[in-house]
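What follows is the residue order along each chain.
There are 4 protein chains.
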Amino acid sequence: MSVLIHFSIFPTDKGTSVSPYVAKSIRIIQESGLPYKLGPMSTAIEGSAWAEVMGVVEKCFQELKGDSERIYMTLQMDYRAGAKNRLEGKIRSVEEKL
Amino acid sequence: MSVLIHFSIFPTDKGTSVSPYVAKSIRIIQESGLPYKLGPMSTAIEGSAWAEVMGVVEKCFQELKGDSERIYMTLQMDYRAGAKNRLEGKIRSVEEKL
Amino acid sequence: MSVLIHFSIFPTDKGTSVSPYVAKSIRIIQESGLPYKLGPMSTAIEGSAWAEVMGVVEKCFQELKGDSERIYMTLQMDYRAGAKNRLEGKIRSVEEKL
Amino acid sequence: MSVLIHFSIFPTDKGTSVSPYVAKSIRIIQESGLPYKLGPMSTAIEGSAWAEVMGVVEKCFQELKGDSERIYMTLQMDYRAGAKNRLEGKIRSVEEKL
Numbered sequence: 000m001s002v003l004i005h006f007s008i009f010p011t012d013k014g015t016s017v018s019p020y021v022a023k024s025i026r027i028i029q030e031s032g033l034p035y036k037l038g039p040m041s042t043a044i045e046g047s048a049w050a051e052v053m054g055v056v057e058k059c060f061q062e063l064k065g066d067s068e069r070i071y072m073t074l075q076m077d078y079r080a081g082a083k084n085r086l087e088g089k090i091r092s093v094e095e096k097l
Numbered sequence: 000m001s002v003l004i005h006f007s008i009f010p011t012d013k014g015t016s017v018s019p020y021v022a023k024s025i026r027i028i029q030e031s032g033l034p035y036k037l038g039p040m041s042t043a044i045e046g047s048a049w050a051e052v053m054g055v056v057e058k059c060f061q062e063l064k065g066d067s068e069r070i071y072m073t074l075q076m077d078y079r080a081g082a083k084n085r086l087e088g089k090i091r092s093v094e095e096k097l
Numbered sequence: 000m001s002v003l004i005h006f007s008i009f010p011t012d013k014g015t016s017v018s019p020y021v022a023k024s025i026r027i028i029q030e031s032g033l034p035y036k037l038g039p040m041s042t043a044i045e046g047s048a049w050a051e052v053m054g055v056v057e058k059c060f061q062e063l064k065g066d067s068e069r070i071y072m073t074l075q076m077d078y079r080a081g082a083k084n085r086l087e088g089k090i091r092s093v094e095e096k097l
Numbered sequence: 000m001s002v003l004i005h006f007s008i009f010p011t012d013k014g015t016s017v018s019p020y021v022a023k024s025i026r027i028i029q030e031s032g033l034p035y036k037l038g039p040m041s042t043a044i045e046g047s048a049w050a051e052v053m054g055v056v057e058k059c060f061q062e063l064k065g066d067s068e069r070i071y072m073t074l075q076m077d078y079r080a081g082a083k084n085r086l087e088g089k090i091r092s093v094e095e096k097l
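Residue numbers (numbering that gives the first Met the number 0), protein chains in the order written: chain A, 0 to 97; chain B, 0 to 97; chain C, 0 to 97; chain D, 0 to 97.
Please note that a few of the clues may not be correct.
One copy or two, it doesn't matter: identical chains are merged, so the pair holds either way.
As a list, the in silico DSS-like pairs of lysine-lysine whose alpha-carbon atoms are at most 27 Å apart [as the list claims (entries may be wrong)]:
hint, residue 1, residue 2
1, K83, K36
2, K13, K64
3, K23, K96
4, K96, K13
5, K13, K83
6, K64, K83
7, K58, K96
8, K96, K64
9, K36, K23
10, K23, K64
11, K83, K96
Simulated from the structure, these hints should not be mistaken for laboratory data.
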């Protein structure tokens with residue numbers, strides 16, 4: 000099974016330059032060992048279970064909570080039974096149809 | 000502290016009538032005892048910790064996973080340190096300014 | 000046909016108290032005459048065409064752009080052919096199954 | 000000014016394999032001439048005005064509407080005055096901090 004998410008989490012009490020906070024989250028994602036893909040507005044992660052993937056998201060939240068009074072997050076999940084390697088596979092599947 | 004989310008989770012392999020699946024999630028939310036608010040496109044929940052709120056979301060996911068090959072979820076979170084009762088309070092705060 | 004959306008739009012360069020800006024958007028929505036429903040994290044609107052609904056969203060954006068250097072928006076849409084009155088109807092449909 | 004969005008739009012009455020429909024949207028985006036970036040769960044587009052970017056999103060919706068009884072969309076926007084080239088620039092800005 001594949002739990003594929005993409006999410007964006009950022010403080011809203013730090014003005015407009017939030018890339019240092021985004022970088023903190025990316026470092027946590029890298030340390031998780033899960034495959035990920037950095038996009039201009041969100042980061043995608045894939046794992047084989049809810050807890051594996053959402054555990055990484057929680058670590059990002061807890062890290063930001065140390066710095067911030069207010070945090071916003073938006074997250075989308077696409078679960079598919081019996082699938083894997085969708086982080087690359089979904090892009091390939093669309094590109095083949097173009 | 001207040002962890003306020005709203006989310007929508009539904010199977011995408013069941014055609015267009017997903018309200019029975021939405022009702023399953025609402026029942027899980029009701030059993031959690033957390034305050035919630037049903038909207039036309041999502042349900043809002045508030046709690047005092049990440050695990051409390053996201054634990055309910057995970058239960059909704061695990062329930063749907065028993066029925067579905069594919070599940071989509073979209074979720075937004077707004078965390079605020081030192082706040083509470085925002086499920087009603089945020090609407091009131093806006094209405095006072097109208 | 001029914002174009003049902005819910006959305007949240009706010010400046011991210013104004014600190015943590017954004018309810019005056021949210022109130023501006025609600026006033027624009029009220030002036031549109033479209034049915035709407037205020038939630039704790041977003042506002043839902045329903046119309047019978049894309050342009051009707053998204054035109055209101057654009058007005059909210061243009062209003063905020065006068066005040067803000069940076070604006071974030073998250074929006075979900077659920078379109079259904081041959082449907083109407085879903086702003087109330089979808090909640091009722093779920094409540095009947097509880 | 001930079002209007003950066005990422006979005007995902009798909010029919011929910013066509014079962015689990017929606018990549019042909021996603022491919023239709025990508026073709027519309029390509030024809031727009033706007034810079035874009037394909038991700039595993041969404042596509043990012045950047046333009047210099049709301050109408051320019053949201054006009055492309057509307058075209059994707061109108062195309063899918065010809066085929067589908069029900070369509071779901073999730074979209075996030077990040078507007079920044081006096082900025083450009085954020086499609087690549089935001090990723091670079093984060094990578095430099097890693």
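How the hints compare with the structure:
In this assembly of identical chains, the alpha carbons of K83 and K36 lie at most 27 Å apart whether taken from the same copy (15 Å) or from different copies (22 Å). Taking the shortest alpha-carbon separations for K13 and K64, both the intra-copy value of 13 Å and the inter-copy value of 19 Å come in at or below 27 Å. When the C-alpha separation of K23 and K96 is checked against a cutoff of 27 Å, the pair qualifies only between copies, where the shortest distance is 9 Å, while the shortest distance within a copy is 36 Å. For the homomeric pair K96 and K13, the shortest alpha-carbon distance between copies (17 Å) is at most 27 Å, but the shortest distance inside one copy (42 Å) is not.
For the identical chains of this complex, K13 and K83 are inter-copy neighbours only, at 21 Å across copies versus 37 Å inside a copy, given an alpha-carbon limit of 27 Å. Taking CA atoms no more than 27 Å apart as the test, K64 paired with K83 passes between copies only; the shortest distance there is 16 Å, against 32 Å inside one copy. Taking the shortest alpha-carbon separations for K58 and K96, only the inter-copy value of 19 Å comes in at or below 27 Å, while the best intra-copy value is 37 Å. In this assembly of identical chains, the alpha carbons of K96 and K64 lie at most 27 Å apart only when taken from different copies (20 Å versus 43 Å within one copy).
Taking the closest pair of Cα atoms, K36 and K23 come within 27 Å of each other both inside a single copy (15 Å) and across two copies (23 Å). In this homomeric assembly, K23 and K64 come within 27 Å of each other (Cα to Cα) only inside a single copy, at 12 Å, whereas the closest approach across copies is 29 Å. Taking CA atoms no more than 27 Å apart as the test, K83 paired with K96 passes inside one copy only; the shortest distance there is 20 Å, against 30 Å between copies.
The structure agrees with every numbered hint stated previously.
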